[in-house]
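Residue 7 is where the sequence shown starts when you use the working numbering, and the numbers rise one by one after that.
Quick caveat, the hints were computed from the structure, so don't treat them as lab data.
Quick reminder that beta carbons are idealized off the backbone N, C-alpha and C, glycines included.
Treat the hints with caution; some may be incorrect.
[Unchecked claim] Derived DSS-like pairs (lysine-lysine); straight-line CA-CA distance at most 25 Å:
1) Lys566 - Lys515
2) Lys189 - Lys566
3) Lys199 - Lys189
4) Lys502 - Lys519
5) Lys176 - Lys189
6) Lys141 - Lys176
7) Lys112 - Lys419
8) Lys405 - Lys419
9) Lys566 - Lys506
10) Lys515 - Lys502
11) Lys515 - Lys199
12) Lys566 - Lys712
13) Lys439 - Lys502
14) Lys419 - Lys146
15) Lys135 - Lys112
16) Lys519 - Lys566
17) Lys439 - Lys135
18) Lys81 - Lys112
19) Lys519 - Lys506
20) Lys325 - Lys141
[Stated by the list, open to error] Simulated DEER-style distance windows between Cβ atoms:
21) Ile578 - Gln420: 27 to 37 Å
22) Ala546 - Pro470: 35 to 45 Å
23) Gln576 - Arg707: 16 to 26 Å
24) Asp699 - Thr791: 19 to 29 Å
25) Leu525 - Ala609: 19 to 29 Å
26) Thr791 - Pro470: 43 to 53 Å
27) Ala484 - His398: 39 to 49 Å
28) Arg196 - Lys772: 50 to 60 Å
29) Phe152 - Asp531: 54 to 64 Å
30) Val458 - Gly663: 16 to 26 Å
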Amino acid sequence: MSDTIRTTQVAIIGGGIMGVATQFQLAENGWTDTILFEKAELTSGSTWHAAGQIAHAVGSRIMGWINKTSIETYKRVEKETGQSIGWHEVGGFRIATTDDEVDWMKSIMGVGKLLDLPMELVGPEDVAKVNPFYKVDDVKAAVRTFEDGHIDPSGVTMALAAATRARGAKIERHNRVVGASRKRDMWLLRTEKGDVLAEHVVIAAGSYANQVGAWFGLTIPSVSCLHHYLVTDTVPEFANRPELPVMRDNAFGGYIRQEQRSGLIGIYEDHVCPTVWEMPDGAPWAAENELFEADYDSIGDFLMIAFDKMPILADLGIKRVVRGAITHTPDGGMLVGPSGVPNVWLSCGSSIGLAWGGGAGKVLADWMVHGEAEINTRSFDPRRYGNFADDHFIVERTKDEFRRRHDTPCPGKQFHSLRPLNRHQLYDRLAAKGAVFGEVAGWERPRYFGEVGEVEQIGWGHQPWHENAQREARATRAAAGLIDLCAFAQFEITGKDAGKLLDRLSANKLPQKDGRMSLNHLLTDNGRFETEITVWRIAADRYFTGSPIARANPDFDWIKSHIHPDEDIQVINRSANWGMLALSGPASRRILSELTDADLTNAAFPWLSGQEISVAGIPCYALRVSFVGELGWELHAPLAQIAQLYDALFEAGSKHGLTDLGSYAFNGMRMEKAYRASGELTTDVGPYDVGLDRFVVSEGRDFLGKTALMATEPGWELLYAELHSDNIDIHGGEPVLLNGQPVGLTTSGGYGYTVDKCLGWLFVRKGMPHKGLSVQILNRNYDVTVHQAALFDPQNLRPRSED
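Please build the complete structure, drawing on both the sequences and the hints.
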């Protein structure tokens, strides 16, 4: 062992596809002073035993972009290095045997349209023509793709490694990292061959991510689950014919493809999820090229269905069974981005490593080098999990995700394990009133109110609960509604330099007077959205902020990370122990006035202001603001007193027509008011792209991201539009078309229950005409009309109302 401490700009821990692809993409960005450490041989963790499929028929634009980028990267590297990647471009079919699956296939066609991926929606006869060995009796439809297929895991990893070395980066095999610690502003990694100081560390350790993360104080939400695929004896019918496409079919929870002259069957059983090396210990360091004994009892029923689907495989022997560990996360998404610890990045938790590796590597490299990626990264951000994600949650919810891997992803679909995870005091009250809940960052929030014990019906079109949500919205507009928003990120920022901190982070000015509020956008160095917060100035040295609960950890980290060492600033995160009830509607002042001595008139308590008041004897932060566009107040109080506050409001409000309000109605009312939400404020755009110019105050002040924001011409335009449909809504991610060609995509939408219109936000390329646009939903084009102002109360008189 050498006593010399080497230094490097980036140390990457893990030599599977995720680590090697990240190192390659960093080198592409000019960062070649990097070392990748692998304890054994490259690919020897999970990559080597992967089946290697890469699909274009996926459910979202982001994942389609990831897969497309991976394929393009791998092909380019093969051409550059001459190292074969074993790419079989055979295309594929994703099979639908139920009506919901048919709708899903139609939605996938939108992804293809957005990304210019060749695909078509076909019937059973078309499937039979291309794969005459596949039984199509129960096939209702399928998506056929043409430019995807499968790849050799080792070949592509070695090709990436060769290209990376050629650019000057280093790869050290058989050199395990055994620990890490902070040394001034660097990370000191202890390896079997000496210490290394690194400015940045990337954890790409796959099944070892848990114990590697522990060195940095991280709990990494990744679990190793066992997955089977089987290779049959030689199939005589495969001789002298083109290779078959990859067949994906939820009927047996997996895929069938050709492996040379044999059949390959992969299965995700939906009744059990075998896990290994569970948290927090993780995989044993001695494990290498590890495989596990087949469990035919577990997969037997699914295997029989697969044989029935492709009978030519049924009577053959099985010559090889691969049952290896693959990492999964509680929501199925990978972990790519900042960890929350300074200069420690994650590229792990990937259950489809070959399909995701090249694209994930580009996202992470761009984020590290340039401060952000070219696509919205929120769904990958490792910080998306809140403090509720302890070891038990991570394991049990991941098992649920594994078992549901081949469920049809209808809008509204949820996990059911560990529910309710966070049951605050209102839960039983709301359930007794017929609340049908949705989970939001570990919290339960009513989606709508129906019969006690009612199970929500889900699907792409309007569901039976549509009428419930309409009643709630109209009752709120007529009188008042109360919604449980206890799942909310709430921070109190104090100290003589608190205002200075928020001012330099925000594109908008802070409130200039005590008691006033403002909407503020915190930007990245490149002038794109980091987050949106409301800021209430309690005093010159005391501020209160609110933002969506999913942003609680990232926003807290972002704000704290920009405090200068000599500043007097304290940041208190109240998100876990404070709650919030939003009271909105024309009767809200009359209701609230019965419970407080505070003067609620416009003169004493104007719109966009806040006060510390007592409501039914409970101290509250009362903010006069409403996300549904009504006269209203947000009431923030300790969770321990939220139920008491709720009861008092309903006792006073019963004679005024107060109703419970769920999130479906809440969202619809938001759309009627043309308010932007998180779907519009993504990491790949900035304020000028989404028409929020009035919230940028640049004259006479500086703020993070100002230089880039002022120097960049917006490439996008956000349009508020009415969809001409009676029974289906915009969900977000659908193509926006002009003359049949994609010019943008939707970001979010919902039904305007009091204006009786389907509404949505559309991103289109700057300069596109506003007339003649349509939105493709379930493979059908719906005309839209663009509106310049909100369809409900466009003059915004109701929130300012005196009555």
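Do the hints match the structure? See the list:
1. Among the hinted pairs, Lys566 with Lys515 is consistent with the structure: their alpha-carbon atoms are about 19 Å apart, no more than 25 Å.
2. Annotation: proposed proximity of Lys189 to Lys566 holds, straight-line Cα distance about 21 Å (limit 25 Å).
3. Between Lys199 and Lys189 the alpha-carbon distance is near 19 Å, which keeps this suggested pair within the 25 Å criterion.
4. About 15 Å separates the Cα atoms of Lys502 and Lys519, which keeps this hinted pair within 25 Å; it holds.
5. A C-alpha spacing of about 23 Å is found between Lys176 and Lys189, which places the hinted pair at or below 25 Å, so the restraint holds.
6. Note on Lys141 and Lys176: the hinted pairing is violated, with a Cα-Cα distance of about 50 Å set against a maximum of 25 Å.
7. Under the criterion of a C-alpha separation no larger than 25 Å, the hint pairing Lys112 with Lys419 is consistent with the structure, at around 17 Å.
8. Taking the CA atoms of Lys405 and Lys419, the gap is near 16 Å; set against the 25 Å cutoff, the hint holds.
9. The straight-line distance between the Cα atoms of Lys566 and Lys506 is roughly 13 Å, inside the 25 Å bound, and the hint therefore holds.
10. A hinted pair counts as satisfied when its Cα atoms are at most 25 Å apart, and Lys515 with Lys502 qualifies at roughly 17 Å.
11. The hinted pair formed by Lys515 and Lys199 fails the criterion: a straight-line CA distance of about 53 Å is larger than 25 Å.
12. This hinted pair checks out: Lys566 and Lys712 have alpha carbons roughly 20 Å apart, not beyond 25 Å.
13. Only pairs whose Cα atoms come within 25 Å are accepted, and Lys439 paired with Lys502 is rejected, the gap being roughly 46 Å.
14. This hinted pair checks out: Lys419 and Lys146 have alpha carbons roughly 22 Å apart, not beyond 25 Å.
15. Only pairs whose Cα atoms come within 25 Å are accepted, and Lys135 paired with Lys112 is accepted, the gap being roughly 21 Å.
16. For the hint pairing Lys519 with Lys566, the CA-to-CA distance comes to about 24 Å; that is within 25 Å, so the pair holds.
17. Between Lys439 and Lys135 the CA atoms are separated by roughly 54 Å; this puts the pair beyond 25 Å, and the hint is violated.
18. Taken as a hint, the Lys81 and Lys112 pair is broken in the structure, with Cα atoms around 29 Å apart against an allowance of 25 Å.
19. A distance of roughly 15 Å separates the Cα atoms of Lys519 and Lys506; the hinted pair therefore holds under the 25 Å criterion.
20. Taking the CA atoms of Lys325 and Lys141, the gap is about 24 Å. The hint holds against a cut of 25 Å.
21. Here the CB-CB span from Ile578 to Gln420 is close to 31 Å, well matched to the stated 27 to 37 Å.
22. As the Cβ distance of Ala546 to Pro470 is approximately 52 Å, the hint placing it in 35 to 45 Å is violated.
23. The supplied range of 16 to 26 Å is met by Gln576 and Arg707, whose beta-carbon atoms lie about 24 Å from each other.
24. Here the CB-CB span from Asp699 to Thr791 is close to 23 Å, well matched to the stated 19 to 29 Å.
25. At roughly 23 Å, the beta carbons of Leu525 and Ala609 sit within the given window of 19 to 29 Å.
26. Between Thr791 and Pro470 the beta carbons are some 28 Å apart, a value that contradicts the proposed interval 43 to 53 Å.
27. In this structure the hint that Ala484 and His398 lie 39 to 49 Å apart at CB holds, the actual value being about 45 Å.
28. In this structure the hint that Arg196 and Lys772 lie 50 to 60 Å apart at CB holds, the actual value being about 51 Å.
29. Taking 54 to 64 Å as the suggested C-beta distance range, the pair Phe152 and Asp531 does not conform, at roughly 40 Å.
30. Taken as a hint, the range 16 to 26 Å holds for the pair Val458 and Gly663, whose Cβ atoms sit roughly 22 Å apart.
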